[in-house]
Amino acid sequence: MSATDLQVKTVDELKDYPAEYRTALEKIVVSHAINELYGAQVFDEPAVALAPTPYAKWLTCRVAMEEYGHHVRFFELGRQMGIPAERMIPGRTEKRPLSIFDYPLESWEEFVAIKLLGDLAEILQVEDLLHCSFHPLRNLARMTMPEEKFHAQFGIDFGLELVKTPEGKARLQAAVDKVFPVMPAFFGRPKSKNNEMFRRWRIKLRTNEDMRDDYMNRAREAAGKLGLTLPEVTLEAA
Amino acid sequence: MSACAGRPVVAVEPLAPVSRFADSLRRVSWFVALGQDLTDDERHEAADYVAAIGFPGTTISAVADWRAAEATTRDDAWNRAWWDAEERARHQLLDAAKQRHGEHAVMTALSRVMLEASDVVMGAASVAAAHSGVADPALARVAAGAAAQAAYQAALALAAGTDDMHPFAIKFRLFAAGRWPLGLVGNDFRIF
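For the record, the sequence lines run as chains A and B.
All letters in the first sequence, in the order written, are residues 1 to 238 by this note's numbering.
All letters in the second sequence, in the order written, are residues 1001 to 1192 by this note's numbering.
With the rest of the complex left out, here is chain A (with noise of 0.2 Å):
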């Protein structure tokens, strides 16, 4: 069977498979366990104390136990998988977040303009495992996506509030230029070795340079929606 066509439906099988293919998928659950979890105890749980009402307060709780639950799902799969519970919780492993979580959110509009472009970020990720060869893998994906795309469209939705005022569309594009700098790297280095081993595995499609450049465009339509404009950054060449 050539990797083109690998099909892999359960656990269980995964014994029978190469120890390269183990190791590509166990770095992908590792990663979307530790960062769902990060994302949710260094945004969304803070965020609720800077909500502005307690609809926007509530609604934030919510995505905060979305985003845990997500986590929650990525660790039993892990723990399916053989992968030590210590892997997979951010301050247990010696694997570092992604970059992104060293943003300090200082205000709702810095929140609201993370859900706009880093969920978007993170439904790229998401939709990348949607055709993934380890089934289990992809049913958490397609399991995951509603609830990502809910998470970009309450950036869009608090953001279409904030611009309704000349001051708030002030304080939103402000929150945006700090934000998206930060955001290109979500999807890691050009030529990643990484990225070629999860492709090889058909675990992932797309190079590293693709889904960024993907995101940029969907990142500066999701922003003009908002009339805002995003900041020039520099990407690290293919």
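These are calculated hints, taken from the structure and not from any lab test.
The C-beta atom is built at its ideal place from N, Cα and C for all residues, glycine as well.
Where hints are given, some of them may not hold.
Part of the chain B face toward chain A, derived, beta carbon under 8 Å [to be verified]:
(1) Glu1070
(2) Arg1074
(3) Trp1078
(4) Met1114
(5) Leu1115
(6) Ser1118
(7) Arg1141
(8) Val1142
(9) Ala1144
(10) Ala1148
To spell it out: a stretch of chain A is covered by chain B in this simulated footprint if at least three of its residues, at any positions, have a beta carbon under 8 Å from a beta carbon of chain B; those stretches are [unchecked claim]:
(11) 50-64
(12) 67-80
Label pairs and their computed distance ranges (CB to CB) [said to hold, decoys possible]:
(13) B/Ala1071 with A/Lys178: 29 to 35 Å
(14) A/Arg200 with B/Ala1077: 55 to 61 Å
(15) B/Asp1076 with A/Glu13: 54 to 60 Å
(16) A/Ile89 with B/His1091: 20 to 26 Å
(17) A/Ile89 with B/Lys1098: 15 to 21 Å
(18) B/Asp1188 with A/Asp102: 42 to 48 Å
(19) B/His1104 with A/Glu20: 33 to 39 Å
(20) A/Asp102 with B/His1104: 25 to 31 Å
(21) B/His1091 with A/Glu20: 45 to 51 Å
(22) A/Glu20 with B/Pro1137: 39 to 45 Å
(23) A/Val233 with B/Thr1059: 51 to 57 Å
Fit chain B to the supplied structure of chain A, relying on the hints for placement.
Same frame as chain A, now just chain B:
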């Protein structure tokens, strides 16, 4: 189970009430009485809640439908002091619970409550909204967020060893009666 002085003794898990509470969340009649007139019992519970959280004498009002509920939760005149009072109570309970049981045990028990609450409140809110002809995923999530927060607060009150007249215990009873307490707007406590 162990034996002592010839009699069997059941080992009591200190956070067992929180665990039982988590188990009970799937049996709660979430959001089944939205929009109905408030009963006398519910008015008494509501009055007890606002007094216990620090706003005695607040008026109590029923909210008739989902759109009015949404407008209440978005009202610029919402009472920030009420939310802050709940937050202060939450911090006090968290400190007390950690002191009693240790941080890891408390956070583990509360995480279980949130996981149990998460799916059931979202499903119940979506069904209740749909039955009223409201197809609004964001508003259903707002209701689910409020219910999950109330479950967390009530579990925290149990973990801290408070009695059933703690404001978080009372607020949860309003949710358990199928209501959605929307909070204070000015000096008016609104319940859907």
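Results for each hint:
1. Glu1070: 7 Å, holds
2. Arg1074: Arginine 1074 of chain B check passes; min Cβ-Cβ to chain A is 5 Å, inside 8 Å.
3. Trp1078: 6 Å, holds
4. Met1114: 6 Å, holds
5. Leu1115: 7 Å, holds
6. Ser1118: 5 Å, holds
7. Arg1141: Constraint on arginine 1141 of chain B satisfied, holds at 4 Å.
8. Val1142: With a closest approach of 5 Å, the valine 1142 of chain B hint holds.
9. Ala1144: With a minimum Cβ separation of about 5 Å from chain A (threshold 8 Å), the hint on alanine 1144 of chain B holds.
10. Ala1148: 6 Å, holds
11. 50-64: Result for this restraint: holds, n = 10.
12. 67-80: Three-residue rule met by the stretch 67-80 of chain A, so holds; n is 3.
13. B/Ala1071 with A/Lys178: 29 to 35 Å: 33 Å, holds
14. A/Arg200 with B/Ala1077: 55 to 61 Å: 59 Å Cβ-Cβ, so the 55 to 61 Å window holds.
15. B/Asp1076 with A/Glu13: 54 to 60 Å: 57 Å, holds
16. A/Ile89 with B/His1091: 20 to 26 Å: 25 Å, holds
17. A/Ile89 with B/Lys1098: 15 to 21 Å: 20 Å, holds
18. B/Asp1188 with A/Asp102: 42 to 48 Å: 43 Å, holds
19. B/His1104 with A/Glu20: 33 to 39 Å: Holds, at about 37 Å.
20. A/Asp102 with B/His1104: 25 to 31 Å: 26 Å, holds
21. B/His1091 with A/Glu20: 45 to 51 Å: Hint holds: Cβ distance 49 Å, inside 45 to 51 Å.
22. A/Glu20 with B/Pro1137: 39 to 45 Å: 41 Å, holds
23. A/Val233 with B/Thr1059: 51 to 57 Å: 53 Å Cβ-Cβ, so the 51 to 57 Å window holds.
Every hint from the earlier list agrees with this structure, and none is contradicted.
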